[in-house]
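A.B. asks: If you're matching them up, the sequences are chains A and B in order. At position 62 of the first sequence (counting the first as 1) the number is 62 in the numbering used here, and the numbers step up by one without a gap. Whatever position you read off the second sequence (first residue = 1), add 1000 for the numbering used here.
Do not rely on the hints blindly, as some may be mistaken.
Which residues of chain B face chain A? A partial, calculated answer using Cβ under 7 Å [claimed, not checked]:
1) D1227
2) V1266
3) E1270
4) S1273
5) A1419
Straight line, CA to CA, 20 Å or less: simulated PhoX-like cross-link-like pairs of lysine-lysine [as the list claims (entries may be wrong)]:
6) K1072(B) x K1151(B)
7) K1109(B) x K1072(B)
8) K260(A) x K1269(B)
9) K1393(B) x K113(A)
10) K1365(B) x K1275(B)
11) K1202(B) x K1150(B)
These are computed hints drawn from the structure, not numbers from a lab. All C-beta atoms, glycine included, are put in the ideal place defined by N, C-alpha and C.
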Amino acid sequence: MALTFAGLDIGSRSIALVRLREGQILEEKRLPTTFDPLRQIRTLLEKLEADRLIATGYGRGLVERMGLSLPVETLTEIKAHGLAARHLFPEARMVLDIGGQDTKAIGLTATGKVSRFEMNDRCAAGTGKFLEYTANIFQIPVEDFGAYALMGDTPPLINNMCTVFAETEATSLMAQGVRPENIALGLHLSIVRRTVGMLRRVGLESPLVFAGGVAHNPCIRVLLEKELKLEEGKTLCIPLNPDMSGALGAALWGQENEGKLAA
Amino acid sequence: MTDARYAEMWEKLNLDLPAHDALLGVLGQFYGDIYMSQEGRLKGMEYLDFVLSEVHGLRVQELQEAKARGAKVVGTFCVFVPEELTLAAGAVHVGLCAGAEAGTEEAEKILPRNTCALIKSFVGFKMARICPFTESCDLVVGETTCDGKKKAYEAFGELVPMHVMELPQTKTDAARALFRSEVIRYKEKLETLTGVAITPEKLRAAMATVNAKRKALQRLDALRSADPSPISGRDALLIHQVAFYDDPVRFTASINALCDQMEVRVGAKEGVSPKGTPRILLSGCPMAVPNWKLPYITESSGAVIVGEESCIGTRNIRDLTDESAQDMDGLIDALVDRYLRIDCACFTPNTERMANVVSMARELKADGVLHYGLMFCQPYAHEAIKLEKVLRKEEIPMLAIETDYSMEDMEQLKTRVEAFVEMIR
């Protein structure tokens, strides 16, 4: 009987689990991280049927120290996202992952290996956290923020990438009477410009896979395609479940490594 | 608790004892976590453990004894200050504390906040009165390397007896003439300070002492080209750090003894980690004691560090001084030649550094280069961009890290470094 690999991605916003056997996804589930990630991990792993667990994400070390009854290994989210992108889109040459508190730009070689990468620095500017925080100013859930912003047409230039200062800037634009939809669009554009800068520094290549929770946001997708000036007919490759990519990559790594060990 | 053996000495040096005790407590714990936890360490490292445990004790006591005999203590911050001249004047040459967050609030009263951690550190150590080396100095020698340092010396000069050497920023003939005059001015300053006339004989003897130290360290670094590496990067960095404040003759003998052990290890194909462990060359800004953050993260991520392309590393020891000249003029020329070969990022252009990193990476069989820049360090931040391009052409992967002495970015750094190790594996 083939082995089952469980990939667990402990992010700042959510914790995702993917079970994989012989390249087939058996199960995918996800819980919010909350202030007690350990409890959320336990809930997610309850009655887990797997032979190996591979943890990734900023909480990967936490899982290693939990003393679980099955073998646990860890790998970084960079490698995990590279593997998942390659699996879902075999031609992929670049991955963009925008998660809850960090953004990663990952270059892949023609054979799918990570060649270069860059991550945002200490602060969470330009990540999901930024969107969540600024959506709050408009009193709408972050899930609806992208669609709302798409109703704007003339975005003001928002310079501040600091989340707190961006809020101040947005508030003063509101006071000047700028349409809120336009301000929302401007906030989205500020993230996208920053992200494109990061992609270019790593060396922009396509096909580009866009993963992480922020890939659900329709406004970010549209603006990214526009700012990247993708050739006609080319679009971003977006996984069906972009927030499960890290966990999928972790499970794939387990499977790949097992294959190597067996060989 | 203040160590009773040294309490009186520290009090005499006007240290802030409770703050100093706290510093030693943190240092001891940090050292335990990062160093004593290592497996497969060389026996010869016990000497380094001892030196470090006595860094503010026995070594400072030796300085006081030297002072009681009439010798002077000269503190420095940079590998451009010719140690040979200091020793020829019968003075003690020490590198000053600059590797930990200390007295930051105090330091920020006289320095802009956007100043690199190294500069803030040495100013902070002084203002918080917790560095017995700084307090022992009869002279502190600065140099006009980067803007941050040269402006900091203006403020620092109000706190300590200061001599600033003007360092040129290019390597033209005119720049060489300037540096030569500065070397002579330093020599004269030392002669006034110590009352000792520096003769060619004394200078040649000092050159031999310093060259012997450099050769021992060169030997150590060369042995690290073996796979598996006979020594951890952390231990090697510690040795390069201790080179700045230990007695040079005693230190040289200990390092040579350590190298003998390393040779046996290499012969037996043994090492600190299995053969095939990913090998990393550190490159960039200096890591002063006790700045072990990045090496610790790197070696905890399944890699081994095989070289330090840094002022606390090869930049300090790569070139020897020619001892053959007979007269003072010739010896001064030899010093100027030797020191102007240093490939510091303060120079423009500084293309030789690019070539030096590539050849080091090849010689040490490094799988990748980890570039370490101190936040707000303009010269090395610029060169990180250049170096990456050069290394990419050579198909040597590079990761650029910018950080400081705080621990708040440990997790982010771990992720980056681990991902880099996965990439080069």
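A.B. asks: May I ask which of the numbered hints given earlier this structure violates, with the numbers listed in increasing order?
C.D. replies: Per hint list: 1, 2, 3, 4, 6, 7, 8, 11 violated.
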